[in-house]
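With the sequences and hints as input, model every part of the structure.
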Amino acid sequence: MKRLNGIRLPHKKRAEDKPIKPIPLPALVRIPMLMHAGTPCTPAVRKGETVTVGQCIGMSGNKNSVPIHASVSGRVSAIEEYRTVSGETVPCIEIRPDDEQILCESCVPPVLETRDDLIAAAKASGCVGFSGAGDLTFRKLDAVKNPKMLIVNGAECEQYLSADNRLMIETPEDAVGGIELIMKLLKIKEARIGIQIDKPLAIQKMNEACADKKGITVCLLPPVYPQGAEKVLVYHTCGVVIPADQTAADQDILVLNVSTCAFLYQYAQTGIPLVERVVTVDGDAVDKPCNLRVPIGTPVKDLLEYAACHIERVRTLLCGGPMMGTVLDTEEASVVRQQNGLTALRRTKGNIRESACIRCGRCMKACPMNLMPMELNDAYQRKDPAALQAGHVALCMDCGCCSYVCPAHRQLAEKNQLAKLLLQKE
Amino acid sequence: MKHSTETVSPYIRGRSSVQGIMFCVLAALLPAVLTGWMSFGFQALMLLGITVGTAILAELFCRAIFRKRQTVHDLSAAVTGLLLGLTLPPDFPLWKAAVGSIFAIVCVKPLFGGIGKNFANPAATAKILLMVLFMDDMTVWRLPQSGTVVTQTPLTGEFATYWDLFLGNTAGNLGETSVLCILLGALFLWLTGTASPIAPLSCLGSFTLLTALGGYDVPAQLFSGGLMLGACFMTADYTTTPVTRSGKCIFGLGCGVLTFLIRHFGGYPEGITFAIVIMNLLTPWIEKMTKPHPFGIEDEPKPAKQKRKKRAKAA
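Which chain is which? The protein sequence lines are A and B, in order.
First residue of the first sequence? That's 366 in the numbering used here, and the numbers climb one at a time after it.
First residue of the second sequence? That's 409 in the numbering used here, and the numbers climb one at a time after it.
Derived from the structure by calculation, the hints contain no laboratory data.
In this text the structure is predicted, and so the values were computed from the model without any measurement.
Even for Gly, the Cβ is constructed at its ideal location relative to N, Cα and C.
Be aware that a few hints might be false.
Straight line, CA to CA, 30 Å or less: simulated DSSO-like cross-link-like pairs of lysine-lysine [claimed, not checked]:
1) A:748 x B:504
2) A:428 x A:666
3) A:730 x B:696
On the chain B side, residues computed to face chain A include the following (Cβ under 10 Å) [what the hints assert, rightly or not]:
4) 416
5) 422
6) 652
Below you can see the structure in the form of structure tokens.
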């Protein structure tokens with residue numbers, strides 16, 4: 366089997382041997398009403414009300430949404446407008462914690478006996494994909510009608526990030542438990558966990574955890590970026606080529622992040638919805654990289670302070686890793702459900718200077734989808750939708766490999782994103 | 409905190425740069441330059457200095473006239489000048505070399521849009537111009553040690569041993585005499601990943617095969633003339649050769665076959681330069697034929713055939 370293209374990023378996962386630590390309770394949490402790919406929720410509490418951990422504070426009638434829960438117990442001090450990472454303005458509930466962390470009475474372990482139970486539980490828990498995109502887990506579970514295989518994403522190929530890695534090292538039984546639960550309820554015979562070979566400890570722990578489990582195997586992935594992208598992951602773990610206009614669900618394959626599986630297991634045990642998550646704080650502006658267990662809605666400023674980051678040195682602050690993360694306008698932004706990392710860099714992209722393409726073909730050799738980024742770039746420059754379509758720009762998954770390798774420092778991946786928008790408008 | 413204006417990922421970049429790549433090519437040509445100097449003395453260095461210098465000045469001048477951002481710092485003009493100089497006889501008149509260098513830069517590069525836009529290899533094109541204009545000067549060489557002037561290279565006349573040819577103890581163009589030094593440089597480029605060995609190897613391979621089949625003296629043919637320098641450095645040029653792997657292979661094959669044909673059936677003793685420029689012209693077509701297959705895209709039925717079928721049905 367031929368390996369898909371990719372690039373080798375310098376290994377900068379400085380937090381990979383730092384155990385997950387809980388962060389001290391923040392003085393204030395701000396929980397936006399949109400932390401998933403879908404419709405925003407409307408606040409279900411009013412200013413001045415007291416809330417408890419796990420209490421539902423945001424709901425939406427739309428089926429494209431999951432409820433949002435309070436991550437701390439305390440008093441709602443304000444409900445104001447908030448601009449999310451994706452640019453939408455949504456209400457945001459501000460809670461001042463009372464430091465008691467009283468658990469809501471509604472947090473009882475769910476009854477999980479059938480497929481529908483699992484889907485309902487995934488919805489009620491507010492579960493979203495843990496790896497950054499924030500897709501709704503219950504929709505993913507629902508989309509695969511006759512799942513043949515569960516593929517678990519433990520690749521975590523982004524630079525700096527190590528939250529999934531630490532989870533697999535510290536609580537492999539949670540991850541495997543979640544996988545077993547999903548396999549049992551969705552009647553899946555086989556599960557494969559993809560882990561990059563540069564995480565030997567995680568591979569060892571996961572292998573030990575699933576040694577006596579039937580049908581679960583650990584697949585080794587090359588230490589090449591990107592591996593976590595759905596099509597790449599599926600191809601490298603089970604060799605299935607997903608056609609251009611389809612997703613893994615169309616091939617009866619369910620792809621979930623390893624942290625998502627672990628969370629579903631925890632939820633099945635305790636009934637506490639998604640109110641906290643592990644975030645890696647790293648980047649070249651951070652002195653003490655770390656993995657933190659953070660209540661959802663904690664200002665990222667608190668995380669940066671904990672990680673000994675000099676805020677005045679930060680030029681680019683990212684939700685996620687440097688290859689696919691999205692920029693945060695301000696350090697007042699909150700940690701959201703789908704945020705797997707917080708990267709603080711000392712450089713901006715402003716000083717990248719483009720020069721002419723020398724046709725070296727490195728972008729083409731780096732593209733996992735075998736596209737020709739330099740030609741797509743030309744086509745976008747000409748605003749030529751036919752050429753963009755002929756070059757299959759829709760296959761581009763914004764991994765950024767082409768921009769990374771380009772010796773002329775051309776903004777190839779960036780232009781591809783704009784090109785896809787151009788095609789949508791047509 | 410200052411805010412980043414660019415809000416689209418990725419936010420980090422690799423270390424490669426155009427300048428770095430060109431610097432590697434210059435470094436790879438260094439052994440050939442050194443043998444040229446050792447064999448032919450100061451005159452050789454003068455010639456290289458003139459070709460490189462005029463190439464750089466011509467580029468500066470052109471970009472200034474076209475009011476474009478200066479691109480001299482990317483070192484591509486220096487590479488063109490050096491490559492041209494290495495393919496000239498050591499005693500070639502300096503002003504004529506300057507003419508070649510200026511032609512290479514002005515007519516082949518900026519007029520088509522500068523670096524990355526030229527359709528043919530500037531050094532090879534300039535060499536052809538000089539061959540056509542100054543045929544007499546292009547065919548006078550001298551032996552490295554004795555300084556005896558000869559008008560025949562090993563390609564057309566007598567030579568000492570294969571070993572002399574390999575090491576460079578022979579008459580010939582400035583940087584083309586020592587196969588060993590050229591190969592050292594090429595190996596450096598291949599190992600550092602700067603250039604792909606596909607086109608050079610397929611060029612040398614196809615040439616060797618044809619020469620053997622034709623019953624010619626294989627090592628003598630392979631080690632003499634401009635074949636080695638052209639194959640190692642000009643067929644691996646980025647801009648003027650196909651970007652795809654199979655395209656590079658076809659390009660190399662074409663160069664090898666054409667060189668063989670020109671050497672044995674053409675009017676000129678040396679064929680690699682012509683072969684490269686001819687294949688350069690075919691590059692867009694080769695590239696179109698060998699486009700990579702995007703992931704998860706099935707073979708599209710060819711529209712022309714479909715039309716024919718439809719017509720047949722209609723009829």
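Hint check:
no.: 1; hint: A:748 x B:504; result: violated, 45 Å
no.: 2; hint: A:428 x A:666; result: violated, 33 Å
no.: 3; hint: A:730 x B:696; result: holds, 17 Å
no.: 4; hint: 416; result: holds, 4 Å
no.: 5; hint: 422; result: holds, 5 Å
no.: 6; hint: 652; result: holds, 7 Å
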